[in-house]
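Can you make the complete structure from the sequences, with help from the hints?
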Amino acid sequence: MSLINIIDKDFDVNENLSKNQLREVLVDAFAYMIDNDFPKLIQILYKADVDQYKLKELLENTEGRSSAEVIADAYIARQQAKIETWKKYSK
1 MSLINIIDKD FDVNENLSKN QLREVLVDAF AYMIDNDFPK LIQILYKADV DQYKLKELLE
61 NTEGRSSAEV IADAYIARQQ AKIETWKKYS K
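Mapping of the sequence shown onto UniProt numbering: position 37 corresponds to residue 37, and the numbering continues sequentially without gaps.
A few of these clues could be false.
[What the hints assert, rightly or not] Quick list of in silico lysine-lysine cross-link-like pairs, DSBU-like style, CA-CA up to 30 Å:
1) 40 <-> 56
2) 54 <-> 87
3) 54 <-> 9
4) 91 <-> 40
5) 54 <-> 82
6) 82 <-> 40
7) 19 <-> 56
8) 91 <-> 9
9) 40 <-> 9
10) 88 <-> 19
11) 19 <-> 54
[What the hints assert, rightly or not] Have a look at the derived ranges for each label pair, beta carbon to beta carbon:
12) 89 <-> 34: 33 to 39 Å
13) 66 <-> 40: 14 to 20 Å
14) 14 <-> 60: 32 to 38 Å
15) 86 <-> 15: 14 to 20 Å
In short, the hints are calculated from the structure, not lab data. The C-beta atom is built at its ideal place from N, Cα and C for all residues, glycine as well.
Here you go:
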């Protein structure tokens, strides 16, 4: 399972995106949700099992990046961690 496959479950993303393009799509999507659909943002982060306390700390202590960038990076990191766990235990 790839990162794109996992993220495609929450977002309709093109499977040919580079990692940087994927991040930009997610930053834009999270920025939109912050402003227009906060319940959906919470639902996606909960479903992805992004640690709310770690995310809160990141949002409070990260300078030079928007909230959407911090959230997108945390979301991507969590999805990558899931992939590593699956790889580790699927052997």
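Each hint, compared with the structure:
1. Straight-line distance between C-alpha atoms of residue 40 and residue 56 comes to about 17 Å, which keeps the hinted pair within the 30 Å bound.
2. A threshold of 30 Å between alpha carbons decides the hint, and for residue 54 with residue 87 the separation of about 24 Å falls inside it, so the pair holds.
3. Pair hint residue 54 plus residue 9 holds up; C-alpha atoms about 23 Å apart against a cutoff of 30 Å.
4. Proximity of residue 91 to residue 40 is assessed by CA-CA distance (about 35 Å); at most 30 Å being required, the pair is judged violated.
5. A hinted pair counts as satisfied when its Cα atoms are at most 30 Å apart, and residue 54 with residue 82 qualifies at roughly 17 Å.
6. Of the supplied pair hints, the one linking residue 82 and residue 40 holds, its CA atoms being roughly 21 Å apart against a limit of 30 Å.
7. Restraint check: the Cα-Cα separation between residue 19 and residue 56 comes to about 24 Å, which is no more than 30 Å; the hinted pair holds.
8. A C-alpha spacing of about 24 Å is found between residue 91 and residue 9, which places the hinted pair at or below 30 Å, so the restraint holds.
9. Between the alpha carbons of residue 40 and residue 9 the distance comes to roughly 14 Å, so the proposed pair stays at or under 30 Å and holds.
10. Proximity of residue 88 to residue 19 is assessed by CA-CA distance (about 22 Å); at most 30 Å being required, the pair is judged to hold.
11. For the suggested pair residue 19 and residue 54, the alpha carbons sit about 23 Å apart, so the restraint of at most 30 Å is met.
12. Taking 33 to 39 Å as the suggested C-beta distance range, the pair residue 89 and residue 34 conforms, at roughly 34 Å.
13. Checked against the hint of 14 to 20 Å, the pair residue 66 and residue 40 passes, with Cβ atoms roughly 18 Å apart.
14. For residue 14 and residue 60, the hinted distance range of 32 to 38 Å is satisfied, since their beta carbons lie about 33 Å from each other.
15. Taking 14 to 20 Å as the suggested C-beta distance range, the pair residue 86 and residue 15 conforms, at roughly 18 Å.
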